[in-house]
Every structure is written in C-alpha cells, then in structure tokens.
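S.K.: So the sequences go chain by chain: A and B.
Quick note: the first sequence uses this note's numbering, first residue 1, plus one each step.
Quick note: the second sequence uses this note's numbering, first residue 589, plus one each step.
No lab work stands behind these hints: they were computed from the structure.
Since we're looking at a predicted model, the values are computed, not measured.
All C-beta atoms in this analysis are idealised placements derived from N, C-alpha and C, irrespective of residue type, glycine included.
Some hints here could point you the wrong way.
Said to hold, decoys possible - For the chain B half of the interface with chain A, some residues (derived, Cβ under 8 Å), not all of them:
(1) Leu729
(2) Gly1072
(3) Gly1160
(4) Gln1162
There are 2 protein chains.
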Amino acid sequence: MLRTHTCGELRPEHIGQTVTLCGWVQRTRDKGGILWVDLRDRYGITQLALEEGVETAEVREQARQLGREFVICVTGPVVERHSQNDKMPTGGIEIRVEKLDVLNPAKLPPFLIEDDTDGGDDLRMKYRYLDLRRNPVRQNLMLRHRVAQATRRFLDGQEFIEVETPVLIKSTPEGARDFVVPSRMNPGEFYALPQSPQTFKQLLMVSGFDRYFQIVKCFRDEDLRADRQPEFTQIDCEMSFVEQEDILSTFEGLVQYLFREVKNLEIGTLPRMTYADAMRFYGNDKPDTRFEMKFVELNDIAKGHNFPVFEAAELVVGICATGAASYTRKQLDELTEYVKRPQIGATGLVYARVEADGNVKSSVDKFYDQDALQQWKAAFNAQPGDLLLVLAGPADKTRKALSELRLEMGQRLGLRDKNSFSALWVVDFPLLEYLEEEGRYFAMHHPFTSPKPEDMALLDNPDTIGQARANAYDMVINGVEVGGGSIRIHDRAVQARMFSLLGFSDEEAKAQFGFLLDAFEYGAPPHGGIAFGFDRLCSLFGGADSIRDFIAFPKNNSGRDVMIDSPSQISGAQLKELSIKTDVAAGK
Amino acid sequence: MLRTHTCGELRPEHIGQTVTLCGWVQRTRDKGGILWVDLRDRYGITQLALEEGVETAEVREQARQLGREFVICVTGPVVERHSQNDKMPTGGIEIRVEKLDVLNPAKLPPFLIEDDTDGGDDLRMKYRYLDLRRNPVRQNLMLRHRVAQATRRFLDGQEFIEVETPVLIKSTPEGARDFVVPSRMNPGEFYALPQSPQTFKQLLMVSGFDRYFQIVKCFRDEDLRADRQPEFTQIDCEMSFVEQEDILSTFEGLVQYLFREVKNLEIGTLPRMTYADAMRFYGNDKPDTRFEMKFVELNDIAKGHNFPVFEAAELVVGICATGAASYTRKQLDELTEYVKRPQIGATGLVYARVEADGNVKSSVDKFYDQDALQQWKAAFNAQPGDLLLVLAGPADKTRKALSELRLEMGQRLGLRDKNSFSALWVVDFPLLEYLEEEGRYFAMHHPFTSPKPEDMALLDNPDTIGQARANAYDMVINGVEVGGGSIRIHDRAVQARMFSLLGFSDEEAKAQFGFLLDAFEYGAPPHGGIAFGFDRLCSLFGGADSIRDFIAFPKNNSGRDVMIDSPSQISGAQLKELSIKTDVAAGK
C-alpha cells in the first residue's frame, strides 16, 4: 500500500513512529506560523502540521500550493497534537511532514465537500462522485453494506440459501410496467427485466430448495414519484412447508436481528393487526404506531343533532390529539386548510377542546350541547387539554383523510421521532380489489397469493368475492411498509381459478404462466415468502425520509442518470442489429 | 412449520420420539410384507416403513397409492432401522407411519430425479425446476452459496464495502455488444445493461470509498459459445492507494481463503509468470500448470539438417511427454490427426521416442542422425520412456497449436485431475493489441488500464506502441482465467491519450466517458482492481467443465430460457409506449 496507516487510526500510542498517510485535503490554514492541513480518507481525518523552521521550506511551499480535494501522500513522525481535540478520534496526535507528494491535483469542487453542503440537488447528482465524498452520504452507504451483511449472516444461519435468479426474463401483463430488452438473436422478441423474482423463487420451492433468499435488483417502469427509483433492491425470501405463522416469526427474527446489529436496539415482539383493524383505527394499511391517536367512530352519538354535515355523512370519525387544546385559532385554521387540500379532500374540520375544567368547547356548539359534547369526550376518553378533531363524509375517503390528519398531528406534536421505532405485522389483507376503471378484480398482493382456506367459498359467489381474505401480510415500521408477502397457491386448480378471477382466459394464463401451472403438477410443496424493500429499510435505519441517498448512483425523476447522461441515443447499427426502429428523433 | 424435523437429521438418539416429516417420495417398494418409502428433502433421505399388522390398513393403502415425487407429510415414531445403512446419515433409523397426508400429488416426471438421470439436455432445461431437485445440481448451487458467503466474509473482514452499482446504464462503443433497454420516459433513448461496473467502481474510488466490492450480474450480447451465458456474475473489486503488488497479495488472500473454507485445501503462494513467459513456455496466457511439459524451442538444433518443413519454419518447438514413449503408431496417428484439425491448424507432427537404452527413434530419422537426436533429447532433458512431440511453422500459430497438443497430452496422461489445483498470476500483459481486420489498436484488458510507467515512452513511437506493457494481471487456475484486473489510469491526460490511441476523437471520448475524465480532475487517487468470473470459479470448485449447472436458471445457446419461453413477443401497446417498432414479424 502507498500508505502505512489510514487517516482514522493514529492515536497517542503511535507517537514517535514515522508513518505515511494518503488522502484528500479537507482544508488548509496558516495560523501562528504553522501551516495546518486536515487530511481526509474514508476512515477519518488526521491533522498535518508544517511549522516554519521545523519542516523544510520546500515542503512548506508544496503545502502552501495545496487546494481543497488535492490527493496527497505524506510521510513524517506522529507527534502530540498542539491543541488536543477530544471530539476527533485522532485528536490526540498530528503528523509533522517530512515528505509530501501530490498524487493528483484537484479543480475547485462545484460545491463544498462538507457535512452541510452548499450544493443543490441537480449539481450534487451531476457530480455524484463528489457528493459521495461527504460524510453523511458515505455513512449511508456503509450502513447499507452493514445491513446487507447482517441480513446474509442471519439468513445463512437459518439455512437459507442465496440463489441468483435471472435478470433477462419474460414480460407479463400483470403488475407494473416492464422494462424490456430486445433480443438480437431472436428478432422481434424481447426479454423483460424482473419486477421481482416471484415465479422463480416459487419454482425453487418446487425444486425443493426449502429456504431461499436473494438480495436482488428489481425493475419497474413507472412514472417516478419523488422517492421511487426505476431500479430498486429487495431482500427476497421464500420457505417451504410453512404456514403464515412460520413466516412471520422467522422474519420478525430477521428484523429484530438487524435492529440489534445495526442500531443496537431491541424492538421486541411485533404485534399483529388485521387489515380491517388497521383501516378502522388508522385509516391506513401501514399505520404509524409510534403514537396512538386511534380513530374513534362517532356515528352513534354525532348523528341526530340536526348538524347537516354529519347527518348526510356515511361516517363521522375523529382523533384525540393529546395536549393540543391550546391550539390557536390560526393553528386550527391551518389544519382545516390542510384537510381541505385536493389531495386530502375533506370538506371541513370539526374540532372540540377539552378545557381545564372538563368542559368541552367545539366548533359546532350550535348543534351540540355540553351533554352531547361530554359524550364525545367519553367516546375519545379525552382528558382536559386534549383536542378532538372530527371529519365526516364517505367512509373510505374520510378515513383516508383522517389518516393524513393523524400523521400531520403526530408530526406537529413531535410523536414521530426518527430515532424511535415501532414495528408491527398487518395481516389478513383482502385477496382481491375491484378497480372500477378497469371493470375487473385485481390481486391486492399478486396473483400467486393464497386465499384463506376458510374464505375459499366466498370466491364462488360474485357478491362475496371481494370479501375473501388472503394469507397475506405486511411488515410496517413507523408507518412505512418495509416488507410484504403471502402464503402462495401451490395447487394448479386454485391457481388456474385465480387467473380466471383476474380475467385471464385459459390460453392467456397458459401462455404467460404455463411453466408455473405445469410445475404445480410435479409435486409443489406448500410455501410462502416475503420481500423487503431494501433501499427503504436502509433509509429507515438511517433515519431518513428519502431512499435516494442510500443508493450510490440514483436516477432523477425522469429516470435519468445525469452524471453519465443516460439514457442516450444508440447507433443506427445497434438498432439494425436488434431489428428495431425508434418512432421518434431522439430529443432530450 | 408443518414438520418437526428435516429428512436429514434423525439419528438413533431420536428413537422413541414421534416426529413429523415433509418431503418428496423418492421411491417406494413392497418387500417382505413391508411397504418402504424413501422420503427426500434438501437435507437428506429418511426411510419410512409401513408393515402389515403394525400400520393401519388405511395408511398402508394411502402409501400404496404414492407415486414418485408426490409431496407428503407423515407422522410417527422414530424406530431402529430394519437393516442399518452406514452409507446414509439417517441409516440407523426409520419412521413408522401413523398418519400420512398427501400435500400434493405429482405427475410422473419426464426424467428420473436421480444422480444419474435419463433426461437429455433439452428436457432438463425445459423442466429445470425438476432438474434442480437432483442431488448433483442442488449441491452445485449450495456450493455457489457457500462461495458467495465466504467471499463476502473475507472482503468484509478486509474493510471492503459492498456497493450496488446501477443496472440501467449507458451504451458504450468499446468492448462487447451491449444489451439495451428503451426508455419510455426519454423517447428514442436507451439504457444499456452493464458489461461490468468498471467506470462506477472507479468513480467510487474517486469518491474515497477506498475498498469496494460487489458480487454482481453483468451482461454481454455475444454469440453464445457452448459455455457462455448472456448474463453472468462477477466478484468485482477495486482498491485505492495501491500498487499492483497490493492487489495481487490481497486477492491471493481471498482465493486462499476460499480454497480453505470451501475445499479444505491449502493452495499456498501463487507464483507469478510474465505474459511473455506464459506464451513462450505454454503458448497460452492461461497455462494449465497442474503439469510441467514446458515448451522447448529447437530452432538452433533442428535447423540446418535439410528437413524442408523445419527449414521453412519460423519456429520449431516441442514438448516432452513423460513416459509416453510406449505410444503405439495408432495413438501417434491420432495425435497427428488431432493437431491437423482446422481449429488447431498444424501441418503435421514430428515425434521422437527415447528408448530404454537412451537411443532416440524419431519420425524424421532420415534427416537427423542419432547425434542430432541426442541434442534434442538433451534440450528437453528427456529420459528413457519419454516421447518428444515437435511442431513447426509460424511462431504464434505454432505455439497456439502446441498449447492445444500439450493440454491434450496432459489429459491423456491423466495430469489434469479435477481435484488437484494449481493457481498462478500471469502479469505484464501487453497494453494494446493491433487488430488487422479493424486497422487499429484495441485495449488488451480495457481502456482504463494503466501502462507500466517505464513503458510510457514506447507509446510515443508508432513502431513500439505494441510493445508497451500494462500493469495488468490475470489469476489462472488449472488453465482457466478465473480473474483479471489492472492498475487503472487516474490521470486525465493519460486517459485522454489512451482514448486517442484507441481511435476515439476528443468529442467521442468526451461524449462517452466525459464524466470519468471530469472525475479525474477533482482528485482521483491511484487505484486498481480485479474481477473474478464467479460462475467459472464455482464450476472450478465443483470440479466441472461447464458453468451451466452452477447457474439456477441458465439460458441455452440461442439465449433462450426454454422453461419460461423467453424472450417473447410483447404487445403493440408496449412497443408504442416505448416509441419503438420491430423490423420483423417475430418468429421463433
């Protein structure tokens, strides 16, 4: 190695040794007749000192020429630091520089390579390799490495085998939009990139692999929302001879292990909540359970008081914001505006304060006397100082709006601490959902999910199909769905039935998934699995809202990598070899 | 779990316990009034016994209906086995069956699920999920898992960080043919799938990551030879602040570790051989060093004897096959035919036997008297019983042909044992090679490889460009190139120079690799790396010639996955969304 030590490892016990360090110039300053240089590498920062009369004039002149981010190699003795710095691991020492080589000079970076940078998003994406030098971003990727290593260690210890499944697979009509790859050797035909290795992991179960996992790239050609990437990574897992409970306990174990290893935290047993309860009490299938503030339905006590909004509403439902009775009129107006935003869509907000004396003051006192409001208070089990917030309207829409309001109040009341974690399982999802615009049922999880055996009969009656529940489950942490899975169908007839419910003709099912239907006839074991969103899991561990800075080279919202300028045009010769033409003259 | 134990874990100490096992019916037989069932899972095979008068008539009738590969679940006590079988880990026990559930019946598999199957390649590919049930194939994938886990363990222990690089990148003109992916959001533009993460890992070095690795899928759209796959896996690594020696010793350490962990073998220090010596002594830049049989050049002693073939030849060169003097005329004719095959291309073979009395008998006795032949014998340091095999012709072609003959002789003499391993480094590769058909130089490794500093001046003279050597190296094991890498260029001017030598205009270099050239201006450290062919490494550890059975779902030589029938046509709507058209009506 060009160096004897890294910039993070020298301590007072090294004093007197002559060492060679390599790294980047973080900053230089000339103070008190001494030229100081902070030398940085991945492992830390070490201070170099060049003093007049101690270091040679030549070396001092070289040091004077150094700019930010120059790559240098220095040799000299480790000495006691002029002014000790307890905050730095290397703060007890510094290096006297006997020899200095510039390994590579650097132009002035377009933004500061500091924890807090002055670079905007676009500039940081274009010079991603410089942004990755910043401590917070590098820490994120190191965290990601540790989570991946710990995941593999745990699963390997549980006899899971990592098997690589193919990236060049086949386009299927169900699910999100596929990225496709024209085949040169099979003109007119295309591979697709996997949205998940779902069918392959099921085939591995048919093969008897028993416990499979893979940390694997998946691809979806969707319009990118703020925090979605066209390529993303899953921890993909499958087990044989299991029931739902076995999957839940195994992967509860994984997540407990990751929290222990990576965050040094015990998260304990994960509670289970049915989908029905999640919707009823949180209006959301991924409730943030770091705080309570459960929904309370008020139809029984709110109706019959001639308040037209409530009278006309399918559902009257509210939350109790502990200690928020002191909210000012202005704050309450803000909340009202918040729920009336088009993306939330409530028509208005009713509120009621529980005052110090126990009386309740509401925005609808005209319709509700104190007795009535005391009923509200009792329904919420509210205490003096609490604020009740109530919405009314169509049931689904109102729950959804109240869920947003609940999260907003949780945020405002400081109940959503990024360093506290609340994990749970949401279970018993519906098997199918009817999409009006498509005029047919869609699989809520995916077409390979098993109905609950006790709900199979519901599928026979068109009126009850939508009520059938699946052996499907999501792991939710802090309101984020970090993983989801299901027990799969392993019976050919049930799988064929499912395809038919989803509107596939027999021919379509056979053309798309014939290999899977065939496989089920050659001895398929009962099996099930789960997939975790790895990028999301890492950002959660890192206490961040966005996954982008947990991905080394992310794409922007147009699917572009602005650093390498991709996608790009390809040559006419390439197109010809692939037997394709583009419809458009390329334009960026 | 549906089971209490696996089919591989029960031992005599479990006798008396009641257990539940799940698995596949390997075979059934009715013998001596007892119905025997071999139950198989990933972990092993356990024998079930159903005896008249012991098991109920109902359970025995169920067992009688079982076919091969039925998936069943059985419960019963563990008992001492009727006839102990020392060869099976579970050979001390069997299960009396009190309860038998068929979890899934199975059609008769299209080929035998046995170590030696009767299924042809095509059938096994179509029903890959059944082929994967066979012990040898499953063992290969479990070996692959172990090699991957051990690789990560070793590199993590050496402070390497695994970073995922993007799969959707940019098409570049250098190297093999790219697979491309039309971008829906950027009409007329395409992503490419990476042939390797080369530029990204270099950017990670520029970012200061210092030690990177990744076990990563790579893609090349090449015409598939017997043992090549369009998608393959690399162990991709890069380090900063290193010289060649640091890379060699680090990854020598990795491979020693893998042999120790996976094969329980010490392979010791890897010798270094220059490319020049490899070509001179083995005619091959990946010599199989499990056996010596080095080339001996005979120009000095073979010429001047009026043998027209040798007189006209640029090179006369041979090998000494120890103990092969007893080869019959027929065997020697076979060898002559072998070297005259078009793909080998020698015009003939001269041989000479060293007889028991030390005399040499050759096929060219007409031109060489015993004195002359004794000179040959001395040149080879040959002993009685040895066979000398000599080729002559143009130097490069003759060396290549002799290399093939050497390997063939090694095979025939049993010197290429799959369970013995000989590893070495081949170093000092030429930087560039001139391809006549293209009329320009190409990078022998890739365009980012650093010339040896002492050879830089050779690049200034058109006559000596081809002589410049690179800081490039391959790891070769048993004649297979398992890994290769180089010290990279980290200086913008040198990199620009290299692009120019490769025939890029400034504009082309900038358009394709501008981001890398830019990055070199912002403080790029000296760095280098290596990539191992992971599929190949696994097949080597597994003692196999082909990589195919070390890949869970390989493609055939036309790039097709015959199991899922991919690639396939996609819908007109998909094409339209992607703004592309196909030139041809699809046809398989």
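S.K.: Now look at each hint and say whether the structure bears it out.
M.R.: Each hint, compared with the structure:
no. : hint    : result
1   : Leu729  : holds (6 Å)
2   : Gly1072 : violated (21 Å)
3   : Gly1160 : violated (12 Å)
4   : Gln1162 : holds (7 Å)
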